[in-house]
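Novice: So the chains spell out like this:
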Amino acid sequence: MKQVMNGDFAASYGAMSALVKYVAAYPITPQTLVVEKLSELVADGEMDAVFSKVESEHSAMAACIGAEAAGIRTFTATSSQGLLLMCEVLHWAARGRLPIVLANVNRAVAPGWSIWADAQDSISQRDTGWMQVYAEDNQEVYDSIIMAYKIAESPDVLLPMMINLDAFFLSHTSEVVDLIDKKDIEKFLPPYEPKFKLNPSEPHAFNALTSPDHYFELTYKMHLAMEKAKKRITEVGVEFEKMFGRRYGLTESYRIEDADTVLVTFGTIAGTAKETVDLLRKEGKKVGNLKIRVFRPFPQEEVCEALKNAKKVIVVDRDYSYGFEGAFFTEVKSALYNKGVMKPLYGMMAGIGGRDVSTGTLKEIVAKAEGEDPKNPYFIGVKL
Amino acid sequence: MNEKKKDLTLSIPKEEIMQPGHLACQGCGASLAMRYALKALGRNVILDIPACCWAVIDGPFPYSATGVPIYHTAFETAAAVASGISNGLRSVGKSGATIMAWAGDGGTFDIGIQALSGAAERNDDIIYTVYDNEAYMNTGIQRSSATPHGAWTTTTPVKHFKKGEKKDLDSIMVAHGIPYMATASISHPEDLIKKYQKAAKIRGTKFLHVYAPCPTGWKSDPAMTVKVAKLAVETNVFPIYEVENGNYRINIKPSKRKEVKEYLSMQGRFKHLTEEDVKYIQENIDRKWDTLLKKEQYFSSKEK
Ligand SMILES: Cc1ncc(C[n+]2csc(CCOP(=O)(O)OP(=O)(O)O)c2C)c(N)n1
Ligand SMILES: [Mg+2]
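Sequence lines, in order, name chains F and W.
Counting with the working numbering, you get residues 3 to 386 for the letters of the first sequence.
Counting with the working numbering, you get residues 736 to 1039 for the letters of the second sequence.
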């Protein structure tokens, strides 16, 4: 059923369609609409779940952890400061191997207070053990949440997944979203039945004191799970396409086969980048775009394969690892190095704090890379 | 009259749910507290335990001494995780087990108070136990806001012993309007067990504050843990009372309260106190007891 809705509502409907049973959440701009919609859906009985409006994001994640450990499918949503407040418990969810799904509206981190699009929030939680997906449009937000449960709950994955959507560009922008019928969801997504859960008739202690004799192995198993997750994301994407006609993988290539210059982008900038590619192609420039959809696990093989023929690679980051460069740029560079693929790489910082990244901005970025040798990172459009 | 008789005949359940082999220090009050609480609640229990001594006492992976499911969790999350377990199970119609957060005084009076207040305000269906050993023992005896005036800890060294009163968390919890708040002590297991059994039957947030001496941190004789706890009750240092739907009831009223000196002198953590300090402490105890008597007088249900 097609409906016009903003990205926040797409996230709410994603959770409802995925038959989530427990939601604990705390409001923050621009995620508030997710929480409001979910509380309404639950109160109206449209969604068969319990909703807790808890007293903080920290407790939202902690409550999801408790419910998920009891074998219940849970969901929460947050943004920026809220995600940062969760940091410790994000680790607990991941190392506790709880396949919780969280929608994060990518928003800049204070100070100064800013509510605009910026991926600093999720990037700074990169090493919490969460899988991370960056959506380009509202349909992708909705579909990704449904797929997330199937991927995360796979017995050989059991890792939580964060679905990121850009503040306002998605969260408050209305688009057509095709919602999936419950009976089709039931065919696609099996019920959540973890092997171990909190159950008085089969008592276990979870997360107990762990000596160096075991801790290392637990970390290694997270590594294996992340590797497995790459396969599952692809498999589930194929299955999803078969049933619902929309395709999602780890990455998405756009006109890169013969491209000399390839832009590497994520989130809504990927959409603008595709448009820019078309414009530049009209000017006779062989440009393509590689959208990185999944940031963790990082799709190193797919990235290298996609970039192997490019003469120049430009990575656009709406985030910054203070003292070095953009996080996507670092990952792309190290993925290429790992596979022995060497070529000029340009790390472009753009759109920080919600500054507009237009086709004009991306054209400027391509022109810069054409005219100069790399000296990374570049800060595009800084006015001092 | 009838109820009194019932009190006297109440016995402690024989079944041991908590098993030997745990890692508590000798004379640990907190381990006794768990033993009695589980005797009261039986096996249909799910526990969550934040960072505290009990995160160690239960045993390292792959051991567990407790005999019921335990979810170890972050220091400040005991109440929120319990809320999640309780509400999650309710979402699929599987309520029935007692969901209990089991935390130390640091995890409750200090870092966990926000999550606790949230759970209590939502009146989530959980039992929250704070076993109170009046300091951060797991990390080596640092003061908490449950540390009483006069006590030595490693962050309130002798020359600069803790100044200021123990936070009155019981009143804070009562002020949330939860259906049940009770104090209990490992020195009075029948009272403690009765309170857990009562709490398990009440829906909503139940807060149980259990006095649990720590010989290691209090510098007291491990063989004297129960004696120390008993003296805390007999001196009115730790009054045993309950507040059910706003109605106060003092469960144990010492016929003649003992001098606090007797209680203090059994513990190395107080040995630096001068007579004047002790006098100050005594006055505070008497004043607080008086307040409690008044609360009982003014806020108690007619049927007793
Ligand atoms: C966020 C966080 N801060 C600090 C700690 C370190 N820590 C672990 S247990 C503890 C003290 C626990 O004290 P209390 O709750 O009174 O329990 P007890 O150890 O006395 O049983 C502290 C400070 C931690 N685990 N997590
Ligand atoms: Mg303590």
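Don't take every hint at face value.
[To be verified] Heads up, simulated DSSO-like pairs for lysine-lysine below, C-alpha to C-alpha not over 30 Å straight-line:
1. F:Lys55 / W:Lys936
2. F:Lys199 / W:Lys1029
3. F:Lys185 / W:Lys829
4. W:Lys774 / W:Lys954
5. F:Lys199 / W:Lys829
6. W:Lys965 / F:Lys189
7. W:Lys1029 / W:Lys933
8. F:Lys199 / W:Lys954
9. F:Lys335 / F:Lys288
10. F:Lys197 / W:Lys954
[Unchecked claim] Stretches of chain W that chain F covers, calculated by requiring three or more beta carbons in the stretch to come under 8 Å of a beta carbon on chain F:
11. 779 to 792
12. 799 to 812
13. 1016 to 1026
[To be verified] DEER-style ranges, computed between Cβ atoms:
14. W:Lys988 / F:Phe218: 35 to 45 Å
15. F:Thr221 / W:Arg778: 52 to 62 Å
16. W:Gly939 / F:Glu177: 38 to 48 Å
17. W:Gly756 / F:Glu204: 52 to 62 Å
The hints are simulated quantities; they were obtained by calculation from the structure and are not laboratory data.
Note that the Cβ used here is the ideal one computed from N, Cα and C, for glycine as well.
Novice: Could you run down the list of hints and mark each one as holding or not?
Specialist: For each hint, the structure was consulted:
| no. | hint | in the structure |
| --- | --- | --- |
| 1 | F:Lys55 / W:Lys936 | 25 Å, holds |
| 2 | F:Lys199 / W:Lys1029 | 47 Å, violated |
| 3 | F:Lys185 / W:Lys829 | 24 Å, holds |
| 4 | W:Lys774 / W:Lys954 | 29 Å, holds |
| 5 | F:Lys199 / W:Lys829 | 13 Å, holds |
| 6 | W:Lys965 / F:Lys189 | 62 Å, violated |
| 7 | W:Lys1029 / W:Lys933 | 24 Å, holds |
| 8 | F:Lys199 / W:Lys954 | 40 Å, violated |
| 9 | F:Lys335 / F:Lys288 | 22 Å, holds |
| 10 | F:Lys197 / W:Lys954 | 45 Å, violated |
| 11 | 779 to 792 | holds (count 6) |
| 12 | 799 to 812 | holds (count 12) |
| 13 | 1016 to 1026 | violated (count 0) |
| 14 | W:Lys988 / F:Phe218: 35 to 45 Å | 56 Å, violated |
| 15 | F:Thr221 / W:Arg778: 52 to 62 Å | 34 Å, violated |
| 16 | W:Gly939 / F:Glu177: 38 to 48 Å | 43 Å, holds |
| 17 | W:Gly756 / F:Glu204: 52 to 62 Å | 20 Å, violated |
The structure fails hints 2, 6, 8, 10, 13, 14, 15, 17 (numbered hints given earlier, in ascending order).
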